[in-house]
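Trainee: Sequence:
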Amino acid sequence: MARELQRDLLPPHPPVIQGWDFAFSYRTANTIGGDYYDFIEIPGSPNGNARWLIVVGDVAGHGLSAALLVTWCRAAVRTLAREQPNDL
178 MARELQRDLL PPHPPVIQGW DFAFSYRTAN TIGGDYYDFI EIPGSPNGNA
228 RWLIVVGDVA GHGLSAALLV TWCRAAVRTL AREQPNDL
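Numbering (the numbering used here), first residue to last: 178 to 265.
Honestly, the hints are just simulated from the structure, not real lab data.
As the structure is a computational prediction, the values presented were derived from the model and not from experiment.
Among these hints, one or two may not hold up.
Claimed, not checked - Distance ranges between label pairs, derived from CB positions:
hint	residue 1	residue 2	range
1	R228	R204	27 to 33 Å
2	N226	P191	17 to 23 Å
3	N224	R259	15 to 21 Å
4	R204	D264	22 to 28 Å
5	W249	F199	20 to 26 Å
6	W229	R204	22 to 28 Å
Backbone N, C-alpha and C define an ideal beta-carbon position, used for all residues, glycine too.
Work the whole structure out from these sequences, hints included.
Mentor: Laid out in structure tokens, this is it:
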């Protein structure tokens, strides 16, 4: 169950961004782990073009404690991107 919850936090596919190609594969060493990646569209671009925050992280260690730290980091980064998009 923890593995499915963690996997649900990760994007199922990369965004389509002109001029960029993304690919990823995710497989933990244990049942759950501390790896994290995300693609977050930043709101409020001054010129109307989409801006993206691309996040890649690796928490040292494995297991539940690493997965919980990744969950907290994901929430913090997404909150900052929404509330302070010009001051990340």
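Trainee: Against this structure, judge whether each hint is valid.
Mentor: Right, here's what the structure says about each hint:
1. R228 with R204: 27 to 33 Å: 30 Å, holds
2. N226 with P191: 17 to 23 Å: 18 Å, holds
3. N224 with R259: 15 to 21 Å: This hint holds: roughly 20 Å between Cβ atoms.
4. R204 with D264: 22 to 28 Å: For D264 against R204, whose Cβ atoms are near 35 Å apart, the range 22 to 28 Å is violated.
5. W249 with F199: 20 to 26 Å: 24 Å, holds
6. W229 with R204: 22 to 28 Å: 25 Å, holds
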